[in-house]
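Order-wise, the sequence lines are chains W and Y.
Mapping of the first sequence onto our numbering: position 233 corresponds to residue 416, and the numbering continues sequentially without gaps.
Mapping of the second sequence onto our numbering: position 119 corresponds to residue 125, and the numbering continues sequentially without gaps.
It is worth saying that the hints were derived from the structure and are not from the lab.
For glycine and all other residues, C-beta sits at the position ideal for the given N, C-alpha and C.
A few of these clues could be false.
Said to hold, decoys possible - Selected chain W positions facing chain Y (in silico; Cβ < 8 Å):
| no. | residue |
| --- | --- |
| 1 | Thr222 |
| 2 | Ala225 |
| 3 | Arg230 |
If you want the building blocks of each chain, they are given just below.
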Amino acid sequence: MRVYAVAAAGGFRRYATYRIETAAGVFTNTVFGFILAYTYMALWDERPRLGGYDMPQALTFVWLGQALLMTCVMMGGGFEDELIERIRTGDIAVDLYRPVDLQLWWLAQDLGRAAFHLLGRGIVPMALGGLAFDLALPGSAGPWLAFLVSVALGVVVSFGIRYLVALSAFWLMDGAGAAQIAFLAGLFFSGMLLPLSLFPGLLGEVARLMPWSALLQVPADVFLGKHTGWGLVRVYVFQASWAAVLLLVGRMVQGVATRRVVVQGG
Amino acid sequence: MAEVVEAAVPEAPEAVFAPRSRLVEGVRAYGLIVSMWLRSTMAYRASFLMTAVGNFTATAFDFVTIMLMFAHVDALGGYALPEIALLYGASGTAFGLADLLMGSMDRLGRRVRDGTLDTLLVRPVPVLAQVAADRFALRRLGRITQGLLVLGYGLVAADIEWTLAKVVVLPLMLLSGSVIFGAVFVAGGAFQFIAQDASQVQNSFTYGGNTLLQYPPTIFAKDLVRGVTFVVPLAFVNWLPALYVLGRELPLGLPDPVAFLPPVVAAVCATGAGLVWRAGLRAYRSTGS
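Work out the full structure: start from the sequences and follow the hints.
Dropping the structure here:
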């Protein structure tokens with residue numbers, strides 16, 4: 184178990200090294216937060232309480248999206264690029280010899296990375312957004328804690344999706360196509376472009392049931408106090424179920440993939 | 007002895023025409039490097055097609071978002087969907103062109119970090135041409151196609167009273183817009199000489215600017231509109247000329263003739279970016295690795 188804690192700490196430290204990049208990222212998140220916030224204001228000016236959100240809640244949704252963009256990896260990029268590269272080059276064979284579980288190792292690293300991104304790329308844009316706009320921030324500790332649990336579950340779901348994307352490289356050799364499809368789906372179905380409650384009819388219903396809604400839509404709604412009591416338990420179960428299913432499928436695919444590894448040598 | 011040797015070297019004839027020939031040489035080198043990358047791209051046609059379609063789809067998603075918004079409202083900031091489509095398409099096309107020609111500039115920071123920039127410096131070819139043409143990505147045609155399609159829809163569906171002046175403004179807008187975005191790419195590249203791993207800051211101005219310009223200026227705070235008109239003159243990419251075409255009042259109470267300024271602004275931006283690039287290149291210190 185200790186080795187995974189070390190891996191997580193390593194993931195955290197690794198991203199913490201890039202200070203200028205983190206500052207540049209905070210700048211970018213803030214710029215996009217401002218642009219999106221104004222478009223949302225124009226939309227909610229026309230239709231107050233659209234999708235069940237009032238204006239401060241809609242603006243909070245925007246800034247939560249910017250704060251969680253890197254934490255829950257809505258746009259892809261992270262360990263999967265490295266794993267795809269290791270599969271492509273054959274370095275994966277070395278990893279398989281190591282006395283650690285491949286999936287848990289990468290998960291631990293990714294959790295460490297997510298923790299750093301939440302602190303490094305999440306807090307400052309959210310604070311700046313809060314200064315410039317009227318946001319609906321919870322007044323007590325309860326919703327903040329409930330939100331953190333939901334974010335943690337979202338990170339595991341995100342990991343599960345990206346792990347499968349990476350494993351696809353065993354068959355496709357080049358994971359770029361799968362990564363791009365995952366990136367598009369993540370952007371669209373997480374609620375990053377528009378809250379899923381604004382998606383019309385069947386599209387909205389399907390979007391809310393897909394795993395990507397666990398990345399932003401669910402944590403944001405928890406933050407805004409839309410799920411309390413049993414409702415909160417229900418969305419936790421939703422997120423945890425997707426996490427479990429994706430991790431399990433990932434484990435199965437990994438088993439099939441590693442049995443057919445052909446080490447090219449060289 | 008050294009003096010004798012120096013005197014023996016005949017003066018290079020190019021030196022006389024140095025400024026012009028360097029530009030020609032740069033464009034030629036750019037063309038050569040691009041054609042090399044094109045050949046390598048076309049070696050995998052299926053892969054090229056898939057990534058181009060992916061590029062098209064990825065950029066189409068933000069217009070899908072705007073359409074989803076219009077499923078709930080009839081106007082955004084006082085603008086109907088076709089009008090916003092015109093703004094979106096104009097910015098998307100101009101940005102797509104700049105991204106196709108100059109989009110590799112954001113790799114500069116990585117080259118500074120890993121030291122491979124030094125390889126470019128020793129070659130007898132302008133560094134800017136080499137950096138801009140590096141890994142020329144034809145798949146970015148997907149973005150241009152998407153922008154043009156939406157622009158076409160906007161031009162057909164919006165209620166425009168056509169005049170000759172408006173017909174002239176359109177191509178000027180697209181070309182000047184791509185030059186302005188290109189200048190931002192180059193200036194951003196120059197910034198990477200110093201900042202190294204801050205390519206995201208550049209993205210805020212390029213991708214962020216593109217997103218901003220997709221919406222009408224009426225929805226943004228006055229100071230923000232002032233900033234992108236007078237400081238980073240992105241408003242000249244599409245807002246000012248497109249609003250003139252739409253017969254809308256220009257933002258900040260600017261008079262209509264301002265809509266014809268984009269070529270001038272583009273020339274100023276390109277010159278400025280060139281100077282910044284030169285300063286950045288001079289300030290460059292190799293990592294030594």
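Results of checking the hints against the structure:
| no. | hint | in the structure |
| --- | --- | --- |
| 1 | Thr222 | holds, 6 Å |
| 2 | Ala225 | holds, 4 Å |
| 3 | Arg230 | holds, 5 Å |
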